[in-house]
Amino acid sequence: MMASDSRQIPRISLHDWENRKNEIQKEIMHAAENVGFFIIKDQDTPSRADIEEIFKTSEAFFQLSDEVKGQTPFIREQNTGWEKRAQIRPSTNLPDQKESIQLQYHRRKDQTWPQVDDQIPDFHQTVAGFMEKTQVVSMRILSCLAIGLGLEEDYFTKIHDITSNEAMTTLRLLHYHETENRAIPDGHIRAGAHTDYDFLTLLFQRTGEDGLEVCPGRECYTSFGMSDVWTPVKASTGEIVCNIGDMLMSLSDDRLKSLFHRVRNPRTGESRKARHSIAFFNQPIRSAIIQGPLKKYPPVLAKDFILDAARRNYAQGEKERLEAVQNSKFQYPDSGQTGIILSANA
1 MMASDSRQIP RISLHDWENR KNEIQKEIMH AAENVGFFII KDQDTPSRAD
51 IEEIFKTSEA FFQLSDEVKG QTPFIREQNT GWEKRAQIRP STNLPDQKES
101 IQLQYHRRKD QTWPQVDDQI PDFHQTVAGF MEKTQVVSMR ILSCLAIGLG
151 LEEDYFTKIH DITSNEAMTT LRLLHYHETE NRAIPDGHIR AGAHTDYDFL
201 TLLFQRTGED GLEVCPGREC YTSFGMSDVW TPVKASTGEI VCNIGDMLMS
251 LSDDRLKSLF HRVRNPRTGE SRKARHSIAF FNQPIRSAII QGPLKKYPPV
301 LAKDFILDAA RRNYAQGEKE RLEAVQNSKF QYPDSGQTGI ILSANA
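Numbering-wise (UniProt numbering), the sequence shown opens with residue 1 and increments by one.
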């Protein structure tokens, strides 16, 4: 059984941002360089009220029938749409016990966004507004990291334009299924161990819906190593859990740390109700060049970095996945989907 430890995840207050920016910048850089995960609190945007509103909207979406949700299917090439128990992790070669929908801001007026405003009033307005607000705090964090790496303050913000047709930044609404009335199949967990391929992930959780854990031991973005010690990251409504992605680790010449993390199953005595979370994956525009100041790795387009990361991380489990699909091993009576979707994000 994997062990847990009491390692502390840094907590950083963004209160009085304009006057404390230099102090906050040092705290964020220290956390990114030495831990890889940190928790943001006291931000003015998105506010706690904004976060509570988006969770209500997300929960309402997942309460819709699969037939309705399935009208916005997952499109692998665009990394958009709805999936259910269809993302297989190379760490488990089994599908995660969850469903999700991925949305990109610049596509908000096309068919990759669900047409459900008649069932969920102001769905589009609420989600788009939340993305705009989360973009603000994301760029503040990225400006701190740019300064810490010796780059211009706006170096990262210039390549993270969510309105661009080249944008890859994605909002993911997630629903981990309850286990009160449905047993999790042997060997499956809510989300298998993985790193994020992106630049910077901002994760929103709700108090009482724990399960996120962090694992140190990642040496560089090309390796796939895990230690056997996991650190729980307590869920708290209003706070933002931030983690460095593989792309930023590469661009920092491995200075900043992209760590493995997972969402474990509920333990004895813990809530077995559904878990909801919301992830905002900051990714540069497709044509952005990814290469660090020291040029440790060859330059690569952001779009190619994502594709290469997916191929590399999933290669070792390809045989098992093909066998699973051929044998219909992971067909679920309430889903009918096989576990073959490969998302570029966690």
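FYI, nobody ran anything at the bench for these hints, they're computed from the structure.
Please read these numbers as outputs of a predicted model, since none were measured by experiment.
Errors might be hidden in some of the hints.
Okay, the calculated beta carbon distance ranges per label pair [claimed, not checked]: (1) LYS26 to ASP66: 24 to 32 Å; (2) ASP117 to HIS30: 41 to 49 Å; (3) GLU23 to ASP117: 15 to 23 Å; (4) SER13 to GLN115: 17 to 25 Å; (5) THR237 to THR157: 24 to 32 Å; (6) PRO299 to PRO73: 40 to 48 Å; (7) GLN125 to LYS26: 36 to 44 Å; (8) GLU77 to GLY129: 45 to 53 Å; (9) GLN291 to GLU77: 19 to 27 Å.
The list that follows gives simulated cross-link-like pairs (lysine-lysine, BS3-like), each with its CA atoms no further than 25 Å apart [what the hints assert, rightly or not]: (10) LYS26 to LYS295; (11) LYS133 to LYS109; (12) LYS296 to LYS133; (13) LYS21 to LYS133; (14) LYS273 to LYS56; (15) LYS56 to LYS69; (16) LYS133 to LYS56; (17) LYS158 to LYS295; (18) LYS56 to LYS109; (19) LYS26 to LYS41; (20) LYS109 to LYS303; (21) LYS69 to LYS158; (22) LYS234 to LYS56; (23) LYS41 to LYS234; (24) LYS26 to LYS158; (25) LYS158 to LYS21; (26) LYS109 to LYS41; (27) LYS41 to LYS21; (28) LYS26 to LYS109; (29) LYS158 to LYS296; (30) LYS296 to LYS273; (31) LYS69 to LYS273; (32) LYS26 to LYS303; (33) LYS296 to LYS234; (34) LYS133 to LYS158; (35) LYS69 to LYS26; (36) LYS273 to LYS234.
From the three backbone atoms N, C-alpha and C, an ideal C-beta is built for every residue, glycine too.
Hints, one by one, checked against the model:
Distance hint check: the CB atoms of LYS26 and ASP66 are about 48 Å apart, inconsistent with the given range 24 to 32 Å. The hint said 41 to 49 Å for the Cβ distance between ASP117 and HIS30, and at roughly 44 Å that hint holds. Range check, GLU23 to ASP117: Cβ separation about 43 Å, and the 15 to 23 Å hint is violated. Between SER13 and GLN115 the beta carbons are some 40 Å apart, a value that contradicts the proposed interval 17 to 25 Å.
Separated by about 27 Å at the C-beta atoms, THR237 and THR157 satisfy the suggested range of 24 to 32 Å. PRO299 and PRO73 have their C-beta atoms about 34 Å apart, which leaves the hinted 40 to 48 Å range violated. With their beta carbons about 37 Å apart, GLN125 and LYS26 fall inside the hinted range of 36 to 44 Å. With their beta carbons about 27 Å apart, GLU77 and GLY129 fall outside the hinted range of 45 to 53 Å.
The supplied range of 19 to 27 Å is met by GLN291 and GLU77, whose beta-carbon atoms lie about 25 Å from each other. A distance of roughly 24 Å separates the Cα atoms of LYS26 and LYS295; the hinted pair therefore holds under the 25 Å criterion. At roughly 18 Å between alpha-carbon atoms, LYS133 and LYS109 fall within 25 Å of each other, so this suggested pair holds. With a CA separation close to 34 Å, the supplied pair LYS296 and LYS133 exceeds the 25 Å bound.
For the hint linking LYS21 to LYS133, the alpha-carbon distance of about 18 Å falls within 25 Å, and the restraint holds. Straight-line distance between C-alpha atoms of LYS273 and LYS56 comes to about 16 Å, which keeps the hinted pair within the 25 Å bound. For the given pair, LYS56 sits about 16 Å from LYS69 by alpha-carbon distance, which is consistent with the 25 Å threshold. Our distance criterion of 25 Å between C-alpha atoms is met by LYS133 and LYS56, whose separation comes to about 17 Å.
Among the hinted pairs, LYS158 with LYS295 is consistent with the structure: their alpha-carbon atoms are about 20 Å apart, no more than 25 Å. Note on LYS56 and LYS109: the hinted pairing holds, with a Cα-Cα distance of about 22 Å set against a maximum of 25 Å. At roughly 16 Å between alpha-carbon atoms, LYS26 and LYS41 fall within 25 Å of each other, so this suggested pair holds. Distance hint between LYS109 and LYS303 is fulfilled; the C-alpha atoms sit about 22 Å from each other, no more than 25 Å.
Restraint check for LYS69 and LYS158: the C-alpha separation of about 34 Å exceeds 25 Å, so the hint is violated. A C-alpha spacing of about 20 Å is found between LYS234 and LYS56, which places the hinted pair at or below 25 Å, so the restraint holds. Using a Cα cut-off of 25 Å, the hinted pair LYS41 and LYS234 holds, with the two alpha carbons roughly 13 Å apart. Restraint check for LYS26 and LYS158: the C-alpha separation of about 21 Å stays at or below 25 Å, so the hint holds.
Between LYS158 and LYS21 the alpha-carbon distance is near 19 Å, which keeps this suggested pair within the 25 Å criterion. The suggested pairing of LYS109 with LYS41 is violated, with an alpha-carbon distance near 32 Å, which exceeds 25 Å. Our distance criterion of 25 Å between C-alpha atoms is met by LYS41 and LYS21, whose separation comes to about 14 Å. Simply put, LYS26 and LYS109 have alpha-carbon atoms about 39 Å apart, too far for the 25 Å limit, and the pair is violated.
Annotation: proposed proximity of LYS158 to LYS296 holds, straight-line Cα distance about 23 Å (limit 25 Å). Between LYS296 and LYS273, the direct Cα distance comes to roughly 45 Å. Violation of the 25 Å bound is thereby established for this hinted pair. Restraint check: the Cα-Cα separation between LYS69 and LYS273 comes to about 21 Å, which is no more than 25 Å; the hinted pair holds. Using a Cα cut-off of 25 Å, the hinted pair LYS26 and LYS303 is violated, with the two alpha carbons roughly 30 Å apart.
For the given pair, LYS296 sits about 35 Å from LYS234 by alpha-carbon distance, which is inconsistent with the 25 Å threshold. The straight-line distance between the Cα atoms of LYS133 and LYS158 is roughly 17 Å, inside the 25 Å bound, and the hint therefore holds. In summary, the hint linking LYS69 to LYS26 is not supported, as the alpha carbons are separated by about 43 Å, beyond the 25 Å threshold. With a C-alpha separation of about 16 Å, the suggested pairing of LYS273 with LYS234 holds against the 25 Å cut-off.
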